[in-house]
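Same order as they appear, the protein sequences are chains A and B. When we follow numbering that gives the first Met the number 0, the leftmost residue of the first sequence carries the number 0, and every step to the right adds one. When we follow numbering that gives the first Met the number 0, the leftmost residue of the second sequence carries the number 0, and every step to the right adds one.
Note that these hints are calculated values from the structure, not bench results. You may find that some hints are simply not true.
A pair counts as met if it fits within one copy or between any two copies, since identical chains are not told apart.
Pairs of lysine-lysine, DSBU-like flavour, derived with a Cα cap of 35 Å [unchecked claim]:
1. K19 - K421
2. K421 - K276
3. K276 - K19
4. K48 - K1
5. K276 - K171
6. K19 - K48
There are 2 protein chains.
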Amino acid sequence: MKAIRIGLLGAGTVAGGVVKVLERNRAEIQRRAGRGIDVAAVAARDLAKARRSLGDAVALTDDFDALVRRADIDIVVELIGGTSRARELVLAAIAAGKPVVTANKALLAIHGTEIFAAARERGVAVGFEAAVAGGIPIIKTLREGLAANHIGWIAGIINGTTNFILSEMRSKGLDFAAVLAEAQRLGYAEADPSFDIEGIDAAHKATIMSAIAFGTPVQFERAHVEGIAGLQAADIRYAEQLGYRIKLLGITKRREDAQGATVGIELRVHPTLIPAKRLIANVEGAMNAVVVHGDAVGSTLHYGKGAGAEPTGSAVVADLMDVTRLITADPDHRVPALAFQPHALAATPVLAIDETITAFYLRLRVADEAGVLADITRILAEHSISIDAVLQRESGEGERQTDLVILTHDTLEGRMRAALAKMQALGSVLAPIVRIRKEELA
Amino acid sequence: MKAIRIGLLGAGTVAGGVVKVLERNRAEIQRRAGRGIDVAAVAARDLAKARRSLGDAVALTDDFDALVRRADIDIVVELIGGTSRARELVLAAIAAGKPVVTANKALLAIHGTEIFAAARERGVAVGFEAAVAGGIPIIKTLREGLAANHIGWIAGIINGTTNFILSEMRSKGLDFAAVLAEAQRLGYAEADPSFDIEGIDAAHKATIMSAIAFGTPVQFERAHVEGIAGLQAADIRYAEQLGYRIKLLGITKRREDAQGATVGIELRVHPTLIPAKRLIANVEGAMNAVVVHGDAVGSTLHYGKGAGAEPTGSAVVADLMDVTRLITADPDHRVPALAFQPHALAATPVLAIDETITAFYLRLRVADEAGVLADITRILAEHSISIDAVLQRESGEGERQTDLVILTHDTLEGRMRAALAKMQALGSVLAPIVRIRKEELA
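Next up, chain A with everything else stripped away, as it sits in the complex (with noise of 0.2 Å):
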């Protein structure tokens, strides 16, 4: 079946991350959603730069009108951002009969009730996966993973910088312009980071979030929104002190009244003291992580990139195969039991225990007396197993055996199997040798 093509309005990181994906996964997306994707055209305004950051084979236009209309389009993206111009194309690609994927919160925020009364006038979807918490499938999740329940409250951290900002305050002991200006050095910041800095950008997202979770229309207008300015080094240790940590939240509540119906919605970013001990509170760094709370499911917790051009562009890409699921009428394009087609299945073999490869943890029991280590590292580096720590206890008063803790870098366990049969084997080693697998997970 033909592929899918697309067009793409705006050539900034977002769009370099979108094409950058579409053509390195080009063939896992076609095995997953059964079509190919391919960049019919780019409209950027200025098309020399456009050239330079995303390469000569994609086709450039600076005629965006033109673009949004092109028979030959299947779908339109939009990742120009702003809420003018941005409207005005997503408009014209609906009124045109395109389905449109877009990364833009503020847009829809703002102008979503209008695009998505138009999109379902037209017939077409409008995906947005990409417009909260960049790589997270959070809108996805919201409206379809968790649409059994009837949805509690949703907190998150979702905006980047600032909590890359709050994350230094806090382990630096620094105050808040000390921090901006060091994130504006390693680019965690911009050079204008007022709607970072002020919670604008969180309110946005939780704007959205908070329609799809209480079905209603987006409501940015009534939001309640506080930045991080004002924050001092001393509120961050006396939270510290109380058991807390202080995160800038985007928070959407629902309000019942005493017979359970719904009153009101909260809608609210400001900086919140929350327990330590929360998974939340351990998001640290430009990462978010968004904690949604349903009547049956309970609290979940979805955590990740929340920015960046190909966490953002995974988004982008995801509600592109989702769209070309739905304007692809033959059942086969259904989201398929394995998320591969059937016949794009691969006879992957699953590899034996002794051909996989992890770090290790060794526990021995010595003998406590000359040459027991050097025996036993002479064995690991035979069997070519590095190794990373070295634990040794100290044995008590008149003790003649003591534990030896050995962490290994990774290594192929068929290695570690033969070079645990030779430790075994020696006299010093007195029990059996406990040995764990050991992951960084990085």
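Guided by the hints, dock chain B onto chain A, whose structure is given.
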């Protein structure tokens, strides 16, 4: 449009959760899916027991074979567990042209290839979100949300019983046997816990995730499985000293050659040391969490309840809603942009910030003199704001002012605003009061 009618096979814990969620969230499910979902009948072996646990409203039958073929039933939900009778009934339902939703991980890990082939042949869907990690929508996340990614590896805490035991072993310093007995007493472990503690349950789930991630048939028979019965408290302690925690992980990894071609898959369940600083290392008790590493998105983590009547029911009902959309030709039954059907949006207002309810952190710079705390607590009491904790810094040598930090319980923001104005007017309050909202996120 008339409601979808489902037939439930089995009347155990999960069936109870499904019935309860469908009943309690009936209106909301219809607002999202565009159609109601009714339980047409439940098949149970012990009808009297099923009547007691499911109540009077549900039609019961003991004829499982008839139920899967009944013309008035649109979707069959398999909740009996096991791999023999469940396989027969699922295949019979598929043969009768019924879509199937199942929570049965063993069935799919072992007979998935046969079942998915039969479903494809007959053109019906098989939903199995509930089979892995209970209420966490990890199947949808892997299959759709992260579909743009070339997945490198998945590592998950996907068995609550063993994670509860390991958490207790670590926090109490006890050995496996002692904690297992306690877990059985508390209902966290079954009388015969072997499927859990030997890692078999986790291996079923890892097998399913592996197939979806890498596009292969299910290969449970090739999984390497080790449980936690051999773990000793000493090793948990040593691991901690080295900066690691020990978790039972289900792991599946892609192995590529130097050219990037996939040459094999690792599929294994075993106790694993992981760095204590990783979010997943801090998943405690019976909770589940899955980390997915994709080339575009990086690492994402998905956390929630992995078992229990309603968390599992949440996943079963989400599948029922997906299947409902699939078998309803009307394009209005696509996933709506704002999660709810456009005509079912509610005009629920966002509350003014004064109407929102949170707890507060207050920091007051006060004169170090008698009566200050009394004045402040009196003002809070007059506004019906109760105090959770007070932290008073000792003033330094010769200092005549100090910081007073107060945590309050939940209150209306309007009340706090009024109280703050009164406190700020006190002569003993020497600087603008810092107030930061606090949320327990419990």
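### Task
Please write out, lowest number first, the hints stated earlier that are contradicted by the structure.
1
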